[in-house]
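Asks: Spelled out from the first residue to the last, the chains are:
Protein chains: 2
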Amino acid sequence: MRNILIIGGGGMVGQKLAWALSNNPLKRGDRVTLLDLSLPQNGAPVAEEVRATITNPAVLTRLAAKRPEVIFNLAAIVSGEAETDFDLGWQVNMEAFRALLEVFRKEVETSGGDYKPKIIFTSSIAVFGAPFPEKIGDDFLHAPQTSYGAQKAICELLLSDYIRKGFFGGVSIRLPTICVRPGKPNKAASSFFSGIIREPLNGQEAILPVSDQTRHWHASPRSAAGFLRHAATLDQDVYGGRPALSMPGVSCTVAEQIEALRDVAGEDAVRLIRHQPDPSIEAIVKNWPQDFAPERASALGFAAEKSFSEIVKVYLEEDMP
Amino acid sequence: MRNILIIGGGGMVGQKLAWALSNNPLKRGDRVTLLDLSLPQNGAPVAEEVRATITNPAVLTRLAAKRPEVIFNLAAIVSGEAETDFDLGWQVNMEAFRALLEVFRKEVETSGGDYKPKIIFTSSIAVFGAPFPEKIGDDFLHAPQTSYGAQKAICELLLSDYIRKGFFGGVSIRLPTICVRPGKPNKAASSFFSGIIREPLNGQEAILPVSDQTRHWHASPRSAAGFLRHAATLDQDVYGGRPALSMPGVSCTVAEQIEALRDVAGEDAVRLIRHQPDPSIEAIVKNWPQDFAPERASALGFAAEKSFSEIVKVYLEEDMP
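Protein chains in written order, with my numbering: chain V, 2 to 322; chain F, 2 to 322.
Calculated directly from the structure, the hints in this document are not laboratory data.
Please read these numbers as outputs of a predicted model, since none were measured by experiment.
One should not assume that every hint holds.
Example chain F residues on the side facing chain V (calculated, C-beta under 7 Å, incomplete) [unchecked claim]:
#1 Asn24
#2 Leu142
#3 Ile155
#4 Gly184
#5 Asp264
#6 Val265
With a straight-line cut-off of 27 Å between C-alpha atoms, the simulated DSSO-like cross-links for lysine-lysine are [unchecked claim]:
#7 F:Lys107 / V:Lys166
#8 F:Lys136 / V:Lys188
#9 V:Lys166 / F:Lys117
#10 V:Lys287 / F:Lys166
#11 F:Lys28 / V:Lys136
Pulled a few chain F residues facing chain V out of the computed Cβ check, cut under 7 Å [stated by the list, open to error]:
#12 Leu40
#13 Gly138
#14 Asp162
#15 Arg243
#16 His276
#17 Asp279
Beta carbons: idealized from backbone N, C-alpha and C, even for Gly.
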């Protein structure tokens, strides 16, 4: 029996991952614990749920003492909120992760060699900032243009150094923008990428705050959970000293997203999208990546959808209310 | 009258910078303060010397209240020591810098718009890790292979985000390995690059712990001080949202360094170099950069020596006892 810990397990991707590990366990008898500020009722079936903030070291220390073999960290203040609340963003997205690494390092050191977990950190393509090459390759500079991106880039560097020193195994997984997110809009500046598909499919109006020529990089929630689960199955030496990977995805414009919506739901759905430019969202999104050549991840077996239509289909199959 | 603060002003490059600012002030009447754990007797002439650790926030708060217009941060635990003392490295090289940014941010915020200093952070080519392209360009990935490099890369990201948010101006300056360092060997893994020139010139034996085919990237102490001084003269908009630059330097092998020594001091000096491989130094140095194409810095007027012979000449002119 192994313990697996999902920090931020109450969020949308955390729940998808918990379902994925329930339907398709890494090993038979795996015991999954979720930690989050709040956890959904009727959520994924897991062994234990802990409601607490990750900024509470006593909780982390107690969970580390159970020696989970894999720790997924998905907890974060989202990009829009990290931009408006500078202190909160740094505290949760950077300092709490550093504290987490220290808590687990202490457990590793007291184990005398018995315990060496894998820490799988959910990073983001927000670690990259404009100007970009046509496709962002695996050795392109991290020059984030948001605090959220800077915090994710720093956590990657922290985790890589703790891994290099032999305290843990693990990897940072840079998720594309996850689309179509089920549920309600959130404070992420990227929220509208899902809203313009989800709301019209549910017969509701959606606001498009940017130009429909905006190109961006997407993958479904199912793919996101798949990336994280797959990362837990890989040997450490596959990363060649660079345990941080940009994930595969679909590069498309908002106009192409809308075409995929039209194919599925017709003109009536498309008419529910209202273009209402928001300069603060435009200012963030214009510095975001548009396309990638994620060769390392593809070679290691990470895979996403091939078109935005496939991404819409995943929403219809899994998440449409 | 303006205040200028040099943190780590007692070190070799800090002293060179203080001398450069004394001989060639940024503005007439500049008032330079040095902060360091220890400061040399008969050092550079400055207005004030403060002996304290940068991990003491009370000292930083007092110095911030004087509202220095330019803050140079050169304080660091060197690479070899940050590798052997993991906790000390993170504390001094990362956490103390974050605390420094917070202290100055508070001063900026209480000034109500009157105060916006430039913070010039001394970074290092150790932010880069192997494998490398033939020449490292300005948009190459930071994948450090030492804790020191990870700490420097993180401080660059921190400073860039505080600058982006409008708290400060400034830039991170990635120094080449500084050669020929005057004085004694230090705990930096790069210490031998200077030792094999300096010790023979002074009639003493020097240990070469790596192969003479090891290629590396060098600039003189005079150039290092010049880079930092030049950075203080530039407008913020020249950085295009990426306030971090790799500096110019000289790419050469240890064998080429030794040839430059032979030209100046003859075969007797070269015979004082003893090759004694050190696997721990070799392991660090093999992951270090060998050559750069620092186009952004060159276009902004940063300049270094053109050959290793010039670097040796600077030592003979300025630092030979």
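Asks: Each hint needs a verdict: does it hold in this structure or not?
Replies: To see whether the hints hold, each was checked on the structure:
1. Asn24: violated (35 Å)
2. Leu142: This hint holds: Leu142 (chain F) lies near chain V, its Cβ roughly 4 Å from the closest one there, short of 7 Å.
3. Ile155: The hint holds - Ile155 (chain F) has a Cβ within 7 Å of chain V, the shortest such distance being about 5 Å.
4. Gly184: Where the cut-off is 7 Å and the nearest Cβ of chain V is about 30 Å from Gly184 (chain F), the hint is violated.
5. Asp264: violated (38 Å)
6. Val265: violated (39 Å)
7. F:Lys107 / V:Lys166: violated (35 Å)
8. F:Lys136 / V:Lys188: Not satisfied, since the Cα-Cα distance of roughly 41 Å exceeds 27 Å.
9. V:Lys166 / F:Lys117: Violated: Lys166 (chain V) and Lys117 (chain F) sit about 39 Å apart, past 27 Å.
10. V:Lys287 / F:Lys166: holds (17 Å)
11. F:Lys28 / V:Lys136: violated (45 Å)
12. Leu40: violated (31 Å)
13. Gly138: violated (9 Å)
14. Asp162: Because about 4 Å separates Asp162 (chain F) from the closest Cβ in chain V, which is inside the 7 Å limit, the hint holds.
15. Arg243: Hint holds; Arg243 (chain F) Cβ to chain V Cβ min 5 Å, cut 7 Å.
16. His276: violated (27 Å)
17. Asp279: violated (20 Å)
Of the numbered hints listed earlier, those contradicted by the structure are 1, 4, 5, 6, 7, 8, 9, 11, 12, 13, 16 and 17.
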